Amino acid sequence: MPQASCRIGADGLARLMPMHLLLDSDGRVNSIGPTLARVLGDAPVIGALFQDLFEVRSPGGAITAEDVLSRAGHRFRLVPRNGSRVGLRGLGLRVDDKVLLNLTFGIDLIAAVREFALSDADFAATDLAMELLYLAEANAAVTRELRGLNLRLEGARLQAEEEAMTDPLTGLRNRRAADLLLERFCSTRTPFGLLQMDLDYFKKVNDTLGHAAGDFVLEAVGKILREQLRSEDCAARVGGDEFVIIVTNRTEPETLQGIADRIIAKVSQPMDYEGQSCTVSASIGIVRSVDLVNPDSAQLLAAADRALYAAKHAGRSRALLLVDQTS
Amino acid sequence: MPAKLPAETIAGSHMDALLLRSLQGYLRDTFGPTVWQAICRRAALTIETFEPMMRYDRGMADRVAKHAAETLGRPVESVWEDMGTYLVTNPGHEGVRRLLRFGGIGFVDFLHSLEEMPGRARLAMPELELPEVILTEIGPDRFELRCRSKVAGFPRVLVGILTAMADDYGTLCLIEPDGGERISVRILDSRHGAARSFDLAMPER
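As you go down the protein sequences, you meet chains A and B in turn. Under our numbering, the first sequence has 127 at position 127, and the numbering climbs by one with no breaks. Under our numbering, the second sequence has 16 at position 16, and the numbering climbs by one with no breaks.
One chain only, chain A, in its complex shape:
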C-alpha cells in the first residue's frame, strides 16, 4: 500500500496550526504555534514539560502528554497552568518519535479573544473562529432588536389597554373598567362602598346652552371626582350623566355619606361656561359590599340604583345610603 507523506517545516506548521504543540519523546516542548504562545504568555515555553504548562481536565487521571494519547480515543481538554480560565480542546498524534498536539479554544473562543486580544491573523484561514464570533455578534444584535420590539409592543399594548378603560371626555374610567374592578373586589371580598351618581338638571344645561356646555359640565364633574377621591378609589362615567364611584376599603356609613355630600356640594356650585352660569346638582345612591353575604356586582349595582332612585325621590341634591339590601 503506497504511503503518502510529506515534511512540514516549523514556519509551515505555525501557519497551518497556529495553536500546535510539538513535544519530544520526553514530553518537552519542541515548537509551539504563535497563537498558543500568546495564551501561555511570557513564560519560557521551549524545553518546558507539557505537564508543567497544562493541567489535563479530560481524560481523567492523565498528567503527561503520553497519558493523554494513550487514554484519549479522540479528543482531550486542557487548561493552561498560568491562571487563565480559558479551556482548550485538542487532538493529538504520534509523529515519528514526537507528539503533535493541535489545540483550539472551542466554546471558550469569545472569552479567549477578549482575554488575549486576538485578531483575525491569529487564526488559520480554515478555522471557523471568525464565523463563530460573527454569529455571536449577529445573534446579539437580533436579540437586542427583538427585545426592543417587545418593549415597544408592550408599551403600545399598555396604552391601548389604558385607552380601552378610559372615558375620553372626562378622563375618568369607563363602564368596562368599573365592571372589572367590581368583579375583582367581589371575588376577592375586598370591602368597598359603591356610589351611583346622577346629575340633576343636566338636561336643562344641554337644552338651553348646547352640548358644548354639557360637555364642559361633565369635564368639570370629572375633575371634582378626581380631586375628591384617593388614587385607590375608582370613578367612572358609565352613561351620559351617570357615574359610578368605588371607594376602596371604606364601608363606614358616615365616611361614605361624607364623601357623597362633599361631591354634591362641589358639583352644585355654579360653573362658568363662556360667561354663562350653568348650575347642576347630583343625587347619589350609596351601598356597601359588606351588606351582602355574598357580594355580587350585579346585585350591588341594582341596589345602588334603588338607593339613587330613592334619593331623587326624596328631593334631589342628596345622597342616600341603603343598608338593608336583602329586603
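Since the hints were made in silico from the structure, they are not lab data. Everything numeric in this text was worked out from a predicted model, so none of it was measured. All C-beta atoms in this analysis are idealised placements derived from N, C-alpha and C, irrespective of residue type, glycine included. One should not assume that every hint holds.
Listing some non-contacts, in silico: residues in chain A with all C-beta distances to chain B over 10 Å [to be verified]:
no., residue
1, R81
2, I110
3, S119
4, V142
5, R175
6, T208
7, A220
8, E254
9, S281
Computed list of chain B residues with no C-beta within reach of chain A, every gap over 12 Å [stated by the list, open to error]:
no., residue
10, R28
11, T89
12, G106
13, A121
14, E137
15, E176
16, G193
What follows is a set of in silico ranges between Cβ atoms, one per label pair, in the way DEER data are often shown [stated by the list, open to error]:
no., chain 1, residue 1, chain 2, residue 2, range
17, A, R75, B, E115, 53 to 61 Å
18, A, R81, B, E176, 28 to 36 Å
19, A, S119, B, T34, 38 to 46 Å
20, B, A194, A, D96, 44 to 52 Å
21, A, A43, B, P91, 34 to 42 Å
22, A, H211, B, P91, 51 to 59 Å
23, B, S78, A, N139, 29 to 37 Å
Chain A is fixed; fit chain B onto it per the hints.
Leaving out everything else, chain B in the frame of chain A:
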C-alpha cells in the same frame, strides 16, 4: 398614539423592513423628526415608526425613499447612498460596521466577503433574504459588483456602504455605479489612510 400596524406586516418583505427602519433612522437623525413626519405624510403612510423585525409590503422602501427625495429636493440615489454611509458611520449602528468588518482584514477581503453576505445573514436570521452580490475581478485592483435586489435602491445603498467601508479600512478607491445593478470599484491606494481599529471582542454593553 400607538402606531397601528398595517396588515402587510404579516406577509411581506424583511428586506423592506430593514431598509425602512434604516431610512427612518437616517432621515430622522439627519433632518429631524419634522422632516420625517412630512415624508411619511407625503407617502400617505398610516405609521411613522417602522419595526426592523416586521415585514412590510414589497416596494414600500422604494416608495418612501422616492418621497424622501422629493421632500428634500435631492435625487433618490443620493438618499440611498447617504443612508448606506450612515449605517456604517453612525455610532448608534456600530454593530453594522462590526458585522461588516468581520468580512476580512483588508478592503479587498471585504469585497470578496460580500458574496457570502446572504449566507451570513441567514445564520443570524434564517428567514432574512439579503440580495445576492456577485464579485468579478476584472484586473489588478479592479472589481465589478453585481447586485440583484427586489429593492431598486439597494445597489445605491451598497455604494454608500462601500464608500464608508473603504474609508474604515483606510483604502482610497473609486466607486462608480452604472445606474443599474452593476458597481465598479477601482482601488487606487490600499494604504491611503489609517484603518479604523477593529477589536474582535464584542464591545461590552
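For each hint, the structure was consulted:
no.	hint	verdict
1	R81	holds, 24 Å
2	I110	violated, 7 Å
3	S119	violated, 6 Å
4	V142	violated, 5 Å
5	R175	holds, 22 Å
6	T208	holds, 36 Å
7	A220	holds, 26 Å
8	E254	holds, 44 Å
9	S281	holds, 37 Å
10	R28	holds, 15 Å
11	T89	holds, 17 Å
12	G106	violated, 10 Å
13	A121	violated, 8 Å
14	E137	holds, 19 Å
15	E176	holds, 29 Å
16	G193	holds, 19 Å
17	R75(A) to E115(B): 53 to 61 Å	violated, 33 Å
18	R81(A) to E176(B): 28 to 36 Å	violated, 57 Å
19	S119(A) to T34(B): 38 to 46 Å	holds, 45 Å
20	A194(B) to D96(A): 44 to 52 Å	holds, 47 Å
21	A43(A) to P91(B): 34 to 42 Å	holds, 40 Å
22	H211(A) to P91(B): 51 to 59 Å	holds, 54 Å
23	S78(B) to N139(A): 29 to 37 Å	holds, 34 Å
Of the numbered hints listed earlier, those contradicted by the structure are 2, 3, 4, 12, 13, 17 and 18.
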